[in-house]
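Heads up: the sequence lines are chains A and E, in that order.
Quick note, in my numbering, the first sequence goes up one by one and the last residue is 173.
Quick note, in my numbering, the second sequence goes up one by one and the last residue is 1649.
These are computed hints drawn from the structure, not numbers from a lab.
Positions of the beta carbon are idealized from the N, C-alpha and C atoms, including for glycine.
Zero decoy hints are in this set.
Mimicking EDC-like on lysine to aspartate or glutamate, the simulated pairs with C-alpha atoms at most 20 Å apart in a straight line are:
id	chain 1	residue 1	chain 2	residue 2
1	A	K100	E	E1597
2	E	K1616	A	D95
3	A	K14	E	E1297
4	A	K150	E	E1622
5	A	K12	E	D1288
6	E	K1020	E	E1119
7	E	K1425	E	E1555
8	A	K12	E	E1330
9	E	K1509	E	E1483
10	E	K1284	E	D1307
11	A	K14	E	D1288
12	E	K1370	E	E1119
Partner residues aside, some chain A positions facing chain E, computed with beta carbon under 7 Å:
id	residue
13	V56
14	G78
15	C130
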Amino acid sequence: MDKQGIIKIVEKYKCDAGKLLNVLEDIQKEEGYLSEVSLKNVSSVLGIPLTKIYSVATFYSFFNLKPVGAHIVTVCMGTACHVKGAFQVLEALEDLLGVKPGETTEDGKFMLTTKDRKFTVNTARCFGACSMAPVIMVDGKIYGYVNAKKLPLILKEYGWGVKNEKDSSDRRP
Amino acid sequence: MKKIVAIEDLDNIRKIGLKKLMPDVPRAAVGLATCGIAAGGNIVYEKLKETFEKEKVDVYLTKTGCFGICHSEPIVNVRLPGKPLVLFSEVKPEDVSEIVKMVKEQSIDEQRALCKIEEWDHIIPEHPIFYGKGFNGIPLWNELPFFAYQKKLVMRNAGIINPEDIEEYIAVGGYYALFKALKEFMPDEVIEEVKRSGLRGRGGAGFPTGLKWSFARREKSDIKYIICNADEGDPGAYMNRNEMESDPHMVIEGMIIGAYAIGASEGFIYVRAEYPLAIERLSKAIADARAYGLLGENILGTGFSFDIHIARGAGAFVCGEETALIASLEGNAGRPRKRPPFPAQKGLFGKPTNINNVETWCNIAPIIQKGAEFFEKIGTEKSKGTKVFSLVGKVKRTGLVEVPLGTPLKTIVYDIGGGATNGKKVKAVQTGGPSGGCIPESLFDTPVDYERLAEAGSIMGSGGIVVMDEETCMVDTAKYFLEFAVDESCGKCTPCREGTYQMLNILKKITEGKGTRAELSLLEKTARVVKLTSLCGLGQTAPNPVLTTLKYFKEEYIEHIDEKRCPALVCRALINYFINPDACRGCTICARNCPVEAIDGKPGYVHIIDQDRCIKCGTCMEVCNFGAVVKLSGEKIETPLFPVPVKRG
Ligand SMILES: Cc1cc2nc3c(=O)[nH]c(=O)nc-3n(C[C@H](O)[C@H](O)[C@H](O)COP(=O)(O)O)c2cc1C
Ligand code: FES
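With the rest of the complex left out, here is chain E (with noise of 0.2 Å):
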């Protein structure tokens, strides 16, 4: 393959992928990140392209990354010749035909469209691609709600071009922003593009990109690296999983970047075990980049050379701490040490390393092609630019949201999110995963940037935002944070690995009905001294869900405690399930579905749950087709001491 070494190279590698892009005949693509293949989307592009051949379809079928909407997955985009780009949502496999008769007589079923895309700012080329104009019954993506208040510059591709072909990533100016720092840049400029863009880095803590690119570049070495943190360790957080496979090379751009400008020769991307996709992705683009010169020796001709290797790590989320993850990739057990020295002096080998989150190197493309000043505009006057953020949990728009820093949370929730399911109250919401912690709705208002998430108790993180309804207990969600943090604090430290234990047992106690006060008062004076005194990230955060659960929500706690209640229903020691004798109708589901076989009953008569038995599993709840089995805490029913007949009417 010819390499890339001036710019025609690139323009008509470009030329070639807008024609992927836009051809002359009808293209239709799947979305077909980890989300829309679970979501059945491999089925739907198996068929797809069965019917099409079959029928002797002219049509470019391809694959995309995912664009964001997971609620509405499977996604397929379709695109007649000079006309904008459609989306399907909600694609079954028995649909395919319908489909397939759209692109064959090139007539799109209007009414069957979520939204169409006109034109779209792929942010690094100069001007917007034009899709195309037309079909004015279908709403513009952005008119949607769950779009509306979004700003894409991280996700500027995903769902649009396919993640696994480099003609497309260029064809939407991928690499222009690379050839652009290696030829008219010198290292030091870049750094100070990066500083005056105001960019802090996406893994959590919010430092200064381009200030730490400084540290590791006035190193003097005779080898630097670089690192990709891939891995994404907060659970219910994915957007590190879907900018790897749905726009792979946008994360290598960024970090060819950052290595010239800093001086490293090889790079690392550590990407954690549990997203094989992203791994295949991040391979094959990194193959396909070496081919064309992008990478390895010479890079587009000017004599800088670097190369980048993936690493797997292997379900420790403490390997996410960066000093962690360097003693893996050292193929140790991953346990922090202390800092200084900062990796920026000595890192990977003993060598001056840079470390970055995967979203913070997807800005830096952008920042580079549009100039610091175009970031800057975005944002809050210390957070500049996006966030892509996961919004997950209770709430009805599930899926990836990117919105401007500063957006508040009342508009993520409710007008990005539809509120909660089922027409539910939102109590609150978790952000930063089990190293942030919870805010409740009244403080909605609340700016989503670094400092005003910090002041409310809680942290950024990587973005995972889980929404919380009425049914959620915060003590039962401050436990289960206790219990990550104790099966994943590293062991190193006394005060995380004695300390958590001991906030456990004591949550524990409290969800089984068994705290006191004076126990209340320990674990909140045990949280601080494990919050001032642990090592590294983990313990140090690791009492913040329980800190701001108590900060916000004591009377939860107090009702466990005084009066053995658990108002949202959910911690088993304190709730009971009752058949309501009036509501049974005798059927035998729940006696024949109790797997602890505590149902006494008989066709005709009103079963009863023997409570001493009873597990409190919910199978009766789940099963029962009347409504008749209530789960209550803190109260009960009459209910009869042996089955009676059931009342008719």
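Next up, chain A with everything else stripped away, as it sits in the complex (with noise of 0.2 Å):
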């Protein structure tokens, strides 16, 4: 984002307690993810040095520093989610986009793009929906009971792939 751009947010919060946060995650909420651009901006904008940001960017777990794909699908790995089978969630999941599980990126998050740079899959620690467990959230929609015959309906929302569905509907029945 350009310098212009967070002006703009900055002057949202007049606050100082709070306001690298909010600013990082308004950047990320238009742009998918925190690019290195940006952050040298919001260090120039804010004053504040490179090194402190990043550090920021990289300590808290909510924050991409990589670009995503145009929809995210969040599996919820919070308690209630866990013994109601969330890795099984993720993993029917992880099957039907065909991106290879378990991969995460250099700085330890997992996070997986398909290869059409449709969906990104990453996860969550609970959505605060646990009554619903299990609970995956699509572009911030919360889905609960979900299953791994529910899932291709899910996906297909979100224009899951042509290709993707004739190869399902012949393993899915």
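Using the hints, put the two standalone chains together into the complex.
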């Protein structure tokens, strides 16, 4: 994001406490991730050393430093979801989207993006919708009581590829 | 907008609010907290709106928060003039026409209703609000087992009022406690009242709230801060989310009273980023409160000034710890620091700071309005008041339950929650999240309060209760929480950073059937060292899940080590899937769905799983329509070597 855009965001936050996180989150909301350029511009607009901004951006798991796919599918790995089979949901999702399981980026965060950059899969710690475990979130929308059978239907809402659809109809009657 | 100064101003708004709550026309409200929306409540709302408009029905359609009965969402409540509030559960878009018809004809289908509310104690007004009598065929809300043991003090308005309408909050007595505190009490008297009530912090440790306030009060400083801790990091706990989404003004009112008592001029609500709706509703509530002169300069014309800002967290569990939270607010990586100095002496930007959990703040208004004696009568000797728990996991009726402290676990799990799902047996509950422990079924007589949970080796924590049944492996559970601790450890102190990592390695080996008894004692020893020597609460409590499962479920660890068997059939390395040749019909569905092509067979032939290729994902078992796939640990069944024709019969 350019400096102009960042100044606009910064103006929303009058109070120093919490400002940096609020600003970084707003940038990520718009661009999906925090690019090197954005971080440098935040540094010069706020007058905070880039090293410190980098330390903050890498400390908090919410921030992505790499571009993400068009749709973000987040699987809850919280306790309630864990005991109700979140891991199986994650596996089934990886299988459906054809992303290799268990991959993480260099900074140790779990994030997988499909080759066509349509979907990014990552995990979270709890959306506070635990009564409907297991839960996933797609682009901010929460789906409860998810299982391997429901996943293809959910993904279809987000334009899950025609090609994939065909081989799924072969596999999941 | 006219600022509120005199009691008449408040009374006038109350009248306006009551007209919305109990209008002369029917009122319909859809539960739209995160859980209600996820269950499709917003679609129901839109459809109701559209249909009411199309059919020109005279109705007041609005939204509410969550009534706590999350397993029955979406909830729609309907009140006909002069009649009780009637709740409908599991309302699907296709049920909308039915609801519209009832509203239009002003006649309720009693069979379809879940329960009714005739009068409701919103706690703060002098008298309960009387909604109406009638509908003898509908049970009262507290006749349902889910509610019968509950006492709604914190959730006094949730699911009934519109959380986005300050006038409805005032209608049920909101901001009257603030009025009383600012106009009739000296700051020290407020603190005295909170002290006498016996209220203890709801963020986990249970520190007496009034005492904590007095520390910040007596510090001399040009500026003081208060913070509302809404980081709610414990996965499986979501009461704070609901408190903010369903009744945001309750949090704000508590904070203003606290700020007055302590002498703070600025307040912050630190909300985790995963709660966008809570942030949205709090922001609106803050703006509305400012407009009415309840926040900002010269509150209620008393000369006292105070304002609240929202700061967002960014997915770090450790930021729930108070010193880490402060570091985070200051724009740093959220790492804790040594205490003392405590935040009351040196907090945010080095100034005296008082920090409390969301639910702690929610209890303040009733204490001031009703007096310490009212509050002090609820609960046990040392744990006063109620606590909201999120009852989740393998239990029939999930949701948010608020009970007096001291309620036995068995009441919560069996009477309220209805026991395990699918006729299984409940094995344990996990309380307190990653800092807590697992309490076995044999100890379910334990009354839930701060001391008794600690005696059992767990903690109250923020109030998550995750129910586990015979299909939950306790070694896997311990491993799960340690993975969490390893991920979330900020890395500053060695015992937590390295100790939890070593413990996790041992647990991984045990779940893979490669552990030894010597490692089991090493695990226990390491756990004690980490507990004793870590810098902050994260490390000090991270071993609790291990220690409690070792204490109560040691035999499960031993079975994994000696017999290479996972009795709950969870640990993948120790289980195998087989196809029962007598039940297989040769339909090929398992082979077609196997992601690694590990199943051999053809139409009409018994299918066989290649044990060397199987990754044990369980898909075959899920898709088989004949129950032919079995999961075993430490045993096997005879299967043919090659596909043979299926037995007909
Ligand atoms: C690792 C860790 C995580 C914590 N997470 C939270 C949290 O999510 N919410 C919270 O209110 N308190 C949390 N606490 C407790 C806070 O440090 C602090 O005690 C609490 O906010 C004080 O509020 P109270 O007195 O109202 O309970 C956590 C503590 C530790 C050690
Ligand atoms: S544990 Fe998954 S939503 Fe809370």
